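Q: Since the structure of chain A is provided, determine the placement of chain B on it from the hints.
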Amino acid sequence: MRLGTRKLIDRGMTALGIGSIVLLAAALLVFLAPIVVRGLGAFVFRGTIEYRQLTLEKFGRGDVDAVEAEQAEAVEARRPVYEMLSAYKKELADGHESLDEAKKQFRADRKEMRRHEGLADQQRADAQAELDRREAELDRRGEQLAKHEASLVELEELIRELLGPEPGQSVPVLWRDQYGQTRWDRAQVKLDQILNVETWVDQDDPDQPRVRVLVPRADAFEGTTLAPLFPYIENNAEAMLLPRLTFYWRFLTDTSFDAHFFGGIWPEILGTIYLTLGAMLFAVPMGVVAAIYLVEYAREGFLVRVLRTFINTLAGVPSIVFGLFGLAFFISTMHVSPSKSVLAGSMTLAMLILPMVIRASEEAIRAVPATYKEAALSLGASKWWAVLTVILPAALPGVLTGIVISMGRAAGETAPIIFTAAVSVGKPLWPWEALSQPTPALPWNIYNLATEHEAVDEIRHVQYGMVLTLVLLVLLLNAAAIVMRARISKKLRA
Amino acid sequence: MTENTLHIPARKTTLPDRKPAPAAPSRVHVRAEEFSVFYGQNEAVRKVSFEIPAGQVTAIIGPSGCGKSTFLRAINRMNDLIPGCRAAGKLLLDENDVFGPRIDVTALRRRVGMVFQKPNPFPKSVFDNVAYGPRIHGVRGRTRLMDVVQRSLRKAALWDEVKDRLPQNALGLSGGQQQRLCIARAIAVDPEILLMDEPTSALDPQATSRIEDLIGELRGNYTVIAVTHNMQQAARISDFTAFFYEGDLIDFGPTTQLFTNPREKRTEDYITGRFG
Chain A
3 MRLGTRKLID
13 RGMTALGIGS
23 IVLLAAALLV
33 FLAPIVVRGL
43 GAFVFRGTIE
53 YRQLTLEKFG
63 RGDVDAVEAE
73 QAEAVEARRP
83 VYEMLSAYKK
93 ELADGHESLD
103 EAKKQFRADR
113 KEMRRHEGLA
123 DQQRADAQAE
133 LDRREAELDR
143 RGEQLAKHEA
153 SLVELEELIR
163 ELLGPEPGQS
173 VPVLWRDQYG
183 QTRWDRAQVK
193 LDQILNVETW
203 VDQDDPDQPR
213 VRVLVPRADA
223 FEGTTLAPLF
233 PYIENNAEAM
243 LLPRLTFYWR
253 FLTDTSFDAH
263 FFGGIWPEIL
273 GTIYLTLGAM
283 LFAVPMGVVA
293 AIYLVEYARE
303 GFLVRVLRTF
313 INTLAGVPSI
323 VFGLFGLAFF
333 ISTMHVSPSK
343 SVLAGSMTLA
353 MLILPMVIRA
363 SEEAIRAVPA
373 TYKEAALSLG
383 ASKWWAVLTV
393 ILPAALPGVL
403 TGIVISMGRA
413 AGETAPIIFT
423 AAVSVGKPLW
433 PWEALSQPTP
443 ALPWNIYNLA
453 TEHEAVDEIR
463 HVQYGMVLTL
473 VLLVLLLNAA
483 AIVMRARISK
493 KLRA
Chain B
3 MTENTLHIPA
13 RKTTLPDRKP
23 APAAPSRVHV
33 RAEEFSVFYG
43 QNEAVRKVSF
53 EIPAGQVTAI
63 IGPSGCGKST
73 FLRAINRMND
83 LIPGCRAAGK
93 LLLDENDVFG
103 PRIDVTALRR
113 RVGMVFQKPN
123 PFPKSVFDNV
133 AYGPRIHGVR
143 GRTRLMDVVQ
153 RSLRKAALWD
163 EVKDRLPQNA
173 LGLSGGQQQR
183 LCIARAIAVD
193 PEILLMDEPT
203 SALDPQATSR
213 IEDLIGELRG
223 NYTVIAVTHN
233 MQQAARISDF
243 TAFFYEGDLI
253 DFGPTTQLFT
263 NPREKRTEDY
273 ITGRFG
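So the protein lines, in turn, are chains A and B. Each number in this note's numbering corresponds to the 1-based position in the first sequence with 2 added. Each number in this note's numbering corresponds to the 1-based position in the second sequence with 2 added.
Worth flagging that the hints you see were computed from the coordinates, not collected in a lab. Because the structure is a prediction, the values reported are computed rather than measured. Heads up, some of the hints might be wrong.
[What the hints assert, rightly or not] Chain A is faced by these chain B residues, among others (derived, beta-carbon under 7 angstroms):
#1 T108
#2 R111
#3 R112
#4 M116
#5 N122
#6 F124
#7 P125
#8 G135
#9 I138
#10 V191
Virtual Cβ for every residue (Gly too), placed ideally from N, Cα, C.
Isolated chain A, as found in the complex (with noise of 0.2 angstroms):
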């Protein structure tokens, strides 16, 4: 009975370890996939005639002829749209001529009205109301005009977002405006606003939310000349963007245009590897050292204690704090560079890691079994020869395992970088001027794409793969710090 109890207590222990290294894949899974999916969108998407048409006038990559052809295409589908806005546009105008002729025709007939002195009351108060009706009408027509032109600017405005603007119109200043939507996923988005207004109604409770309703744009230009553009544009999206599968992989290493509409995420993602190695210039030496001093040299006593108290504070400290700190004493203070630079961000983060740095080291330094040090004691080694030749070589696989993780961690903290180092947009910079300047880096973009950009909404895929970049960039340096390690404790082992 005895033995079938503890069996069972076995077999439960095991289910429970297979069940929550399950549920510990089931939840990696749950949040890696749409980091995953979402983020490929950055990189393979159905690119529309405009995103070729941008790749070739901006960066000049492409088939110029094959280009051209598309174009040409393209511009043979738009064509029946702009015609059937410039004849709406004749028919606005025309309305306009007629209501002033109209209005004329008004104008002239009260003062006549106001000439004949002398009718009846009862004529006059006829005339008069016959006036009044004349003026509401020609008040009604005028307001249905205006009305028409307001929804044709919106219309215009949305077709231009779509499409591009028309041709021969003179080139606007932004990027984003001097093209049409480069993504079909994009264009879909336009093409509803396109077709449907959307409204928010209020519900008979006032206490309840209000409601999204949909109506059809055309219903707003029932019975004019524009009302078959709708269908025509529903119905012919295709053939005026034509869409094609991209797999646009540069966008690893282009820089980024008009605040980040067009272009690839260069400048964050080498923004972020100076960061990182600028963190681990100042971190590992220092962090190594002060591992070596505490495991070998310091003797235990009051002073050491306060120092490993003060080493796990720093751990705890929240990362905006060091921030803020990295503000006040490298840039106020200690003035390493005029502002923001990558330099300041670089120290910051180191501070942040260097609790890591040490308590890993100290870690990896203390398991060197006790034998390899009185060996190479016993044949004359001085202590600090015994550490670099025979200590950290054999603490190097947990030393290393330890900087790659906190190269991990400081490739993606936010905080410490927010006022020392980040900005929102900027070019690659080359090394020597990571002295002086800030840079953009990827978990800073990332938050400022998210909360802060005026468009959020049209460049989310930016923030996906931006997201899904951080994430590989992290999960590469965590296998290479495993197979690092598995390498050197194979050589260590025989």
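A: This is chain B only, laid out in the frame that chain A set:
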């Protein structure tokens, strides 16, 4: 090395035949005078006085916790690593006080090599293990290092087994080979004294026998001081034996005399297995 893996050398419980120790030891190499070692308040070695002759094998025996390892580790000051450990009295190496104020510990350790209880080669190649000491002491150049490595490995009777494996990791060797490698590593810095702290306690009988043979070969060139639990081993390998008990030196003399005709009752009780 595998020609007769099943051959277990006959172990003699009586004293082995070998060239008799020189009648009068040429000189005293290590002299303890009222020498004590403390761990905090605890006196681990209590005012011992005796002389260890040069070029001979001296065994230190005694039950666990009798201070024999502590005494051994005092000779090259490995005890310095233990916090709260201090020494009193005199321990003279060639008439220089090991604990004197002007002693250079690294120079001392170069003169006094050590082999530990558990084989502890570095996680480096066989070559780098042996070359570690010479490199510290300024031997440079591949050929000169190779010279030293080869000579040391030959002296440690390991050359033939590892000559083709010099670049390989030393941790791939067997336990006995590792211990002989450690001896080679200690020899490579050309010490005068070799301290051995139970050098065979982690080894199988065959490896033990090879180490014992090796100790016999080292006699004459080096002063060997070996701590051992194993009285038969002490009898087999040593010329002189010191018996420690609870921190006191109970008996010291030529091994033959100590084992056949102990002066002290406690020595006799110990070597006949009545306690310990």
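Q: Work down the list of hints and note, for each, if the structure agrees.
A: We went through each hint and held it up to the structure:
no. : hint : verdict
1   : T108 : 5 angstroms, holds
2   : R111 : 5 angstroms, holds
3   : R112 : 4 angstroms, holds
4   : M116 : 4 angstroms, holds
5   : N122 : 4 angstroms, holds
6   : F124 : 6 angstroms, holds
7   : P125 : 4 angstroms, holds
8   : G135 : 4 angstroms, holds
9   : I138 : 5 angstroms, holds
10  : V191 : 6 angstroms, holds
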